[in-house]
Amino acid sequence: MLLSFECFNDTRSGSQLNMTTTTNKTLATSAAISQINGVHSILAGVFAGCVTRSCTSPLDVMKILFQVSHPTAHRSIHHACQQLYVSEGIRGFWKGNLAGCFRLGPYAGVKFCIFDTLQSKSSAANAPHMEKAVHGAIAGMGATLAVYPMEVVRTRIIMQDATAFRGIHAELARIYTNEGVRGLYRGCLSGLVGSIPFEGIQFACYEYSKSYAVQQRWPPWRWPEHKRQLNSVDHLIVGSWSGAIAQLVSYPFDSIKKRLQVDTTKRYTGMLDCVKQVVRDEGAMSLYRGTLPNMVRVVPYAAVMFASYEGAKEFLSTL
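Counting along the sequence shown from 1, when you hit position 64 you're at 64 in full-length UniProt numbering, and nothing is skipped either side.
Hints in this document: simulated from the structure, not taken from any laboratory.
We treat Cβ as the ideally placed atom computed from N, Cα and C, and that holds for glycine.
One should not assume that every hint holds.
[What the hints assert, rightly or not] With beta-carbon atoms standing in for the labels, derived distance ranges: (1) 176 <-> 36: 46 to 54 Å; (2) 94 <-> 233: 23 to 31 Å; (3) 54 <-> 146: 17 to 25 Å; (4) 295 <-> 264: 22 to 30 Å; (5) 286 <-> 82: 17 to 25 Å; (6) 82 <-> 233: 27 to 35 Å.
[Said to hold, decoys possible] Listed next, the in silico SDA-like pairs over lysine to any residue satisfying Cα-Cα at most 20 Å (straight line): (7) 121 <-> 178; (8) 266 <-> 118; (9) 210 <-> 276; (10) 313 <-> 117; (11) 266 <-> 173; (12) 266 <-> 120; (13) 227 <-> 216; (14) 210 <-> 70; (15) 313 <-> 38; (16) 210 <-> 224; (17) 266 <-> 178; (18) 313 <-> 120; (19) 276 <-> 188; (20) 276 <-> 70; (21) 227 <-> 245; (22) 210 <-> 299.
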């Protein structure tokens, strides 16, 4: 009887040991999969950021010129394009693009990695839209802090004459030498504040639109009988819609940020002082100056960003 009881204990101990080993293996596998997914998010994000920046650089250059120039400097988008082409040629429309890729590539990589990580750790399988908005806002703030100096460098390069450009490293060193670390983060507060509504609204709209399109099979002309999931064209449509809504809300913050970035004479003491001076001297609507070229930019920007990210991530998952 005693022998039988000992055998039972040995069997139970062996079963517990097997269960523990299986659990540990499952946890290790889950951790490895999570790590791989994180790497995929970063790589796909970097790829999407570089593709997006290169495709939309001319529109972004126009937006910045309108944001930081005097109201009388450019009569229209056509006039601004004409002036830039005459003074700097076709290359002027891609001025600062390399710095932009160094900024937007890592920015998108960090942003998508943070968002996907937060989504994977969400308590609910179908997280509420407010939770997705919070995740998007956190991802945007983290990415902004990570790569903000490159945005300052790119903005300064765009505002320079073509003959004054000496390279990204030289401009980075010049800002650090003359203005210190604070110069590399000039306007960062406005950028962080602006990233909250922009990325929050953009991600919430994008995720909601994706789920709605699949569940309701909308719009009908995009859903033939055999179709079961979104494709690249759908991601382009959903991304453009989400980006346009987010940009309308956050555009004034972006205008203030750009003014602070090029404020080498320290005309403004901070974000609130910049808002006060701009509204007093140029009117409240000046905060929306450049909205038209920016909306022309942001629709393809968001469309290409999300579509290229989804495509790259899908490709990486097959490797």
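Measure nothing beyond the straight line between the CA atoms of residue 210 and residue 276; if it is 20 Å or shorter, mark the hint as holding. violated, 40 Å
Take the C-alpha atoms of residue 276 and residue 70, compute the straight-line distance between them, and say whether it is at most 20 Å. Holds, because 17 Å separates the two Cα atoms, which is no more than 20 Å.
Using the C-beta atoms of residue 176 and residue 36, is the stated range 46 to 54 Å upheld? Violated - the Cβ-Cβ distance for residue 176 and residue 36, about 37 Å, lies outside 46 to 54 Å.
Starting from residue 266, check that the Cα of residue 118 is at most 20 Å away, please. Violated - the C-alpha atoms of residue 118 and residue 266 are around 38 Å apart, more than 20 Å.
Check whether the Cα positions of residue 210 and residue 224 lie no farther apart than 20 Å. holds, 17 Å
Check the hint pairing residue 227 with residue 216 against an upper bound of 20 Å on the C-alpha distance. Holds. Residue 227 to residue 216 sits at ~12 Å (cutoff 20 Å).
Residue 295 versus residue 264 beta-carbon gap, inside 22 to 30 Å or not: holds, 29 Å
Pair hint residue 210 and residue 299, alpha-carbon separation not exceeding 20 Å: Holds, because 17 Å separates the two Cα atoms, which is no more than 20 Å.
Within a Cα-Cα threshold of 20 Å, do residue 227 and residue 245 meet the stated pairing? Given pair residue 227, residue 245 is violated - Cα atoms ~28 Å apart, limit 20 Å.
Hint check: residue 266 vs residue 173, CA-CA at most 20 Å. Holds or violated? Holds, because 19 Å separates the two Cα atoms, which is no more than 20 Å.
Check the hint pairing residue 313 with residue 117 against an upper bound of 20 Å on the C-alpha distance. OK: residue 313 and residue 117 at ~14 Å, within 20 Å.
Is it true that the CA of residue 210 sits at most 20 Å from the CA of residue 70? Roughly 41 Å between the alpha carbons, so the hint for residue 210 and residue 70 is violated.
Consistency with the previously given hints fails for numbers 1, 7, 8, 9, 12, 14, 21, ordered from lowest to highest.
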